[in-house]
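**Student:** Each chain, written out:
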Amino acid sequence: MSTTLPRPTKVTTPDEPARETPAAILPRVSARRPILVAVVALIGAMVVGVSVGPADISLPTVFSALAGHLPFIHYHSHTSAIDWDVIWQIRLPGVVLGGLVGAMLAGGGAAYQGVFRNPLADPYLLGVAAGAGLGATLVIVEGSGSNVSTFLPFAAFAGAVVAVAMTYLVGTTSGRRASTASIVLAGVAVAALLTAIQTYLQQQHEPDLQGVYAWILGSLGTASWADVRLILPYVTLSAVVLLLHRRLLDVLRVGEEEAGALGINAARVRLIVVAAATLGTAAAVSVSGLIGFVGIIVPHTVRLLSNASYRVVLPVSMIGGAAFLILANVVALNVQAPAEIPIGVVTAFVGAPFFLFLLRSRRTGVL
Amino acid sequence: MITLDAVTVRYGDDVALSGVTGKVADGEWVGLIGPNGAGKTTLLRAIVQLVPYEGRTLVDDTSTDRLSRRALARKVAYVPQKPEFPAEMTVADYILLGRSPHIGYFGSERPKDHHVCAALLERLDLTDMADRNLTTLSGGELQRLVLGRALAQEAPVLLLDEPTSALDLGRRVDALEIVDALRREHGLTVLSAMHDLTLAGQFADRLILLAEGRVAAVGTPAEVLDEAILTEHFGHQVQVLHSPDGELIVAPRRSGVTTGRDSREG
Chain G
111 MSTTLPRPTK VTTPDEPARE TPAAILPRVS ARRPILVAVV ALIGAMVVGV
161 SVGPADISLP TVFSALAGHL PFIHYHSHTS AIDWDVIWQI RLPGVVLGGL
211 VGAMLAGGGA AYQGVFRNPL ADPYLLGVAA GAGLGATLVI VEGSGSNVST
261 FLPFAAFAGA VVAVAMTYLV GTTSGRRAST ASIVLAGVAV AALLTAIQTY
311 LQQQHEPDLQ GVYAWILGSL GTASWADVRL ILPYVTLSAV VLLLHRRLLD
361 VLRVGEEEAG ALGINAARVR LIVVAAATLG TAAAVSVSGL IGFVGIIVPH
411 TVRLLSNASY RVVLPVSMIG GAAFLILANV VALNVQAPAE IPIGVVTAFV
461 GAPFFLFLLR SRRTGVL
Chain X
5 MITLDAVTVR YGDDVALSGV TGKVADGEWV GLIGPNGAGK TTLLRAIVQL
55 VPYEGRTLVD DTSTDRLSRR ALARKVAYVP QKPEFPAEMT VADYILLGRS
105 PHIGYFGSER PKDHHVCAAL LERLDLTDMA DRNLTTLSGG ELQRLVLGRA
155 LAQEAPVLLL DEPTSALDLG RRVDALEIVD ALRREHGLTV LSAMHDLTLA
205 GQFADRLILL AEGRVAAVGT PAEVLDEAIL TEHFGHQVQV LHSPDGELIV
255 APRRSGVTTG RDSREG
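Protein chains in written order, with the numbering used here: chain G, 111 to 477; chain X, 5 to 270.
Same shape as in the complex, but just chain G:
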């Protein structure tokens, strides 16, 4: 490098606005292509999700039933009432709910990894899982009959939100200045406390043990449109807020201090992102149970296959997470039909080897 500098021909000053020429647009990683690929994968997963099931329904019948339900298209479907019910009341709610839950868990995981700058962060980091687990366990062991299914989502949601609120309160008031480390450590402590209470309750109510474990391992087998309606507002709000923070999450990649010097209030960004991710994740697990692994595997797969910028990671993780969980649900419902494998087992069983393969075959510096 020469110390004799070329004269500045295009440098701007605060008083002199830049001369805008198309050539000065910097080359940036585009999110369009990865999003397009993820959308194609999602459409494929949805087609598989509505087409595959224990009931033998042909693909044309499935498409006919779907077309007959589309607005503005006056197509009269000849699908039988039973097939119509299987497609519209069983498979499609499962696909939509799986998509919402998968999108939320993967998007929440990506966002948590961003604000905590920790590759092992997932949406359960601050106690969502422990809180939801305790809430669900309380209803299962104390409730009876239909009360359980009615109140369980609300108890799980409330438990998750209260757990994260406790974590934040403890983590941000434990020292002179709140750091990500103090919040994460508070999350560990709160999760340990709530899990201990949950374990005690389980031991005291042994007959309910299987119900609690079934919920913890997750299921979308009884998904309904009511579940979709229940979580849709929370997941939508959460996803929108997280996506709006994708540029700020990129700024946080240089660390909280440098981001602060660049004009970003890192603590505020962290609070808003955690609140949004918690709201969406709590809603998701309240109807699906504690499906693990999605929040870690999907964002890292996106980073390994595409780019680490949150302009790419956040939207593609959401779409990819939706596709992943829809397909995992197909496996969970059909491999041992009519018995159902817990979907959390499927996500770990399928996801872990795939992730290890990626880790070995691609660059790992992005993690």
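For the record, the hints were derived by calculation from the structure and aren't laboratory data.
Below 20 Å or equal to it, Euclidean Cα-Cα: the simulated SDA-like pairs (lysine to any residue) are:
no.: 1; chain 1: X; residue 1: Lys79; chain 2: X; residue 2: Thr66
no.: 2; chain 1: X; residue 1: Lys79; chain 2: X; residue 2: Leu62
no.: 3; chain 1: X; residue 1: Lys79; chain 2: G; residue 2: Ala376
no.: 4; chain 1: X; residue 1: Lys79; chain 2: G; residue 2: Asn375
no.: 5; chain 1: X; residue 1: Lys86; chain 2: G; residue 2: Glu367
no.: 6; chain 1: X; residue 1: Lys79; chain 2: X; residue 2: Arg187
no.: 7; chain 1: X; residue 1: Lys79; chain 2: X; residue 2: His190
no.: 8; chain 1: X; residue 1: Lys86; chain 2: G; residue 2: Gly365
no.: 9; chain 1: X; residue 1: Lys86; chain 2: G; residue 2: Arg227
no.: 10; chain 1: X; residue 1: Lys27; chain 2: X; residue 2: Thr66
no.: 11; chain 1: X; residue 1: Lys116; chain 2: G; residue 2: Ile135
no.: 12; chain 1: X; residue 1: Lys116; chain 2: G; residue 2: Arg138
no.: 13; chain 1: X; residue 1: Lys116; chain 2: G; residue 2: Val139
no.: 14; chain 1: X; residue 1: Lys27; chain 2: X; residue 2: Ala10
no.: 15; chain 1: X; residue 1: Lys116; chain 2: G; residue 2: Leu136
no.: 16; chain 1: X; residue 1: Lys27; chain 2: X; residue 2: Glu58
no.: 17; chain 1: X; residue 1: Lys79; chain 2: X; residue 2: Asp9
no.: 18; chain 1: X; residue 1: Lys116; chain 2: G; residue 2: Ser140
no.: 19; chain 1: X; residue 1: Lys79; chain 2: X; residue 2: Gly108
no.: 20; chain 1: X; residue 1: Lys116; chain 2: G; residue 2: Pro137
no.: 21; chain 1: X; residue 1: Lys116; chain 2: X; residue 2: Glu158
no.: 22; chain 1: X; residue 1: Lys86; chain 2: G; residue 2: Glu366
no.: 23; chain 1: X; residue 1: Lys116; chain 2: X; residue 2: Ala75
no.: 24; chain 1: X; residue 1: Lys79; chain 2: G; residue 2: Glu367
Predicted, not measured: the structure shown is a model, and the values here were computed from it.
On the provided structure of chain G, position chain X as indicated by the hints.
**Tutor:** Relative to chain G, chain X alone:
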């Protein structure tokens, strides 16, 4: 202009800075020198509100603790001693981070942000690397890039914490020449912590010597780079030599070792 008014920083019971007072005039380059732990980094971090402090720090007569983070970043750009270079981030994405103070909370980069950064990349001879990952850049290129990110903030005040610590001698001079050239072009006010006393004397208009959190000496390089002052505060024998063209060269003396020159003279 930067004004420091009795700035004191405590880490628990330890006092890192004690009543530091001083001024840096518009367009001036002031070098902060002093031994390790003297408080140079702490002072820079106090100005950008990264550590709590007592007293006042003002930029253009505005108290910096009254400014929002965004407003402060429009007035003061800060280059830390060890900047973070995220893996899988391109040069273009990195320099655009410097435009953050000019982008709304939910906003995204506009054409003007690209133009400012593209011009700086050209100025710093980094245009051809715009789409490269940071991991592929050399130490000197990264140093220029982090300066570019700070300049992209278009702030009138530039704080540099050991801006050349990771560079070899030639690259140190190159990097400081760039800072000096850009300072003159943009009328920047520069306050930089510097370990290399010779370079500090060559580039800064004035020097502030910090020792044990206090201002030990202030003045022109010729006034502050004094053998007795430096020897007292650095805890080691120092010699200040004058080059034929009048520049000051600061070098440590080895205790108990006779140099070649001494033996020849003897």
